[in-house]
Amino acid sequence: MTIVREPMWDDAPRSRTQALYRHLLQFLSTLGWTARILVSSVAAFPSVLLRRSGRADFSAQLYIVGIRTLPVITVVSLFIGMILALQVGLELRRFNQEIYLGAAVMLTLLREMGPFACGISLAACVGSAIAAELGTMKVNDEIAALEIMSISPIRYLAAPRLLALLVMAPILAFYCSVIGTLGGGIVGSTQLNVFFQQYISSALSIAETKDLFVGLLKAGVFGMLIGTVSVAEGFGTKLGATGVGRSTQQSVIVNFLLILMFGYMITRVFYR
Amino acid sequence: MSKLIEFRDVVKKFNGVPVLNGVTFSVEKGEVLCIVGPSGTGKSVTLKHLVRLLTPTSGSVVVDGVDVATCSDDELVKLRDRIGYLFQGGALLAWMTVAENVALPLEECTKLPDREIAVRVRHALRAVELVDAADKYPTEISGGMQKRAGLARAVVRESDIVLYDEPTSGLDPVTSITINRLIKKLNKELGITSIVVTHDLQGALAIADRILLLKGGKAVECSTPAEFTQSQNPDVREFLAAMKGETI
Ligand SMILES: Nc1ncnc2c1ncn2[C@@H]1O[C@H](COP(=O)(O)OP(=O)(O)OP(=O)(O)O)[C@@H](O)[C@H]1O
Ligand SMILES: [Mg+2]
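Those sequence lines, one after another, are chains A and B. In short: position in the first sequence from 1, add 106, done, that's my numbering. In short: position in the second sequence from 1, add 339, done, that's my numbering.
Source of the hints: derived by calculation from the structure; they are not laboratory data. Any given hint could turn out to be false.
Stated by the list, open to error - Short derived list, chain B residues pointing at chain A, Cβ under 10 Å: (1) R347; (2) K352; (3) N354; (4) V356; (5) V390; (6) L392; (7) G423; (8) Y424; (9) G429; (10) W434; (11) E446; (12) E447; (13) L451; (14) P452; (15) P512.
None of the values given here were measured: they were computed from a predicted structure. Just so it is clear, CB atoms sit at the ideal spot from N, CA and C, and this is done for glycine as well.
Just chain A, with the same shape it has in the complex:
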């Protein structure tokens, strides 16, 4: 598929209605284009792994997605766990049920908040950077240069990034759940008089494999969403430096919205 697209119309819209109609068509076409980016990138995964340069790009992206984001992700998930423990713990204490604190925090983290913390951190740290980087390449004609040299920007730029996000997001989400649970344990033992061992055993007794897998699946979906949206925003960038700023902003907004919506929908499918 071609990445460097022309405007769909050569002439200016003649009326308000036509402008509106064109906006709608443009939106639908961009939606379809984004879907094609996702599909073609997934189709290009094997060739990323088969090529020497592809493997090098892929491991560089793994590092960017998985290692460089660790400080942010650690802090975010630690505090989410602490907040959860505090809120839930105060309610449980009213009913003298503090022993269940670990279970409540762990379940919420595995099913929902771990993937969520991981998703928003990746969208903010990695997605925005992808959109800005690819957007800058687009406005500097670098994407056009690749296409002319018959180097597919999908295979060369999009696929390694998406693959790295797909692999790393579930791992990071699990990491978030673990860190969050520990954070909750710290709050429990220091503020709510729940012994740490008691907290941990309560947490481990309740967690099921289903909770873990739904969480990991959710994180994988978030990873692909973030990759696709950010790559599409970057590739779609127009109008110089302002365009790059706009694409970066758009990618973060759209990713946050989609993470919330898909998070709800996946939960709805597995827990009813």
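Following the hints, complete the assembly by docking chain B with the ligands onto the known chain A.
Chain B with the ligands only, in chain A's frame:
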């Protein structure tokens, strides 16, 4: 002489405003055509039509008998493989060194062994006098050097058509002459058909087989350097006068 590249009455509008408004010209095989004209008249836009980065609103662009705008994707790939393109800004990838950038089209699109690639890259870098900067990153070198690196990348595949978008702007006079000589040499020795967009009239007069003046969306004059300087066309006279004014 066979026409390798043909623009037939090409109109290109952006948002209702015509940038090209009926451009017609042709380039013969083995020829160097220089396109000159004021800034913003659509010189870069013209080049982009040759590789379908843009498609005409009306009219057609034909390269070696193939209509660029309507040909199949396979034909487009074949066509693009024959064309080297120097972008106005160089368009180098920021995370690769100069040498890696130049090697990129060979590594990704040919099955040449690494040694052969290294030899060719070195050769191309020597031609643009960038051997010393081979291991630097694009952000570490000057704009003029980036442009020369872009030029090395455009010619390293030894395509039979090369499009140069302002190869010498931003370069010092001595390097400009080197680059102009290189363009002419590639044209002479390998028979590379070249289209050179330039603001450097002296250079154009030196290397062009024909010069095309683009103005107001039209090709107002297309003639040999000797005819061009003698032309009575008021647009050409005005352009030449402006150019002379610049050099005083
Ligand atoms: N993708 C695009 N969308 C909208 N307008 C465009 C686009 N590309 C070019 N233009 C417009 O077309 C006109 C010609 O641009 P072009 O880059 O071809 O000029 P140029 O002759 O190369 O000038 P310069 O010598 O400064 O490089 C400009 O007015 C520009 O705004
Ligand atoms: Mg230009």
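A quick look at each hint next to the structure:
no., hint, result
1, R347, "18 Å, violated"
2, K352, "4 Å, holds"
3, N354, "5 Å, holds"
4, V356, "8 Å, holds"
5, V390, "5 Å, holds"
6, L392, "5 Å, holds"
7, G423, "9 Å, holds"
8, Y424, "5 Å, holds"
9, G429, "8 Å, holds"
10, W434, "9 Å, holds"
11, E446, "7 Å, holds"
12, E447, "5 Å, holds"
13, L451, "14 Å, violated"
14, P452, "13 Å, violated"
15, P512, "26 Å, violated"
The structure shown violates the earlier hints numbered 1, 13, 14 and 15.
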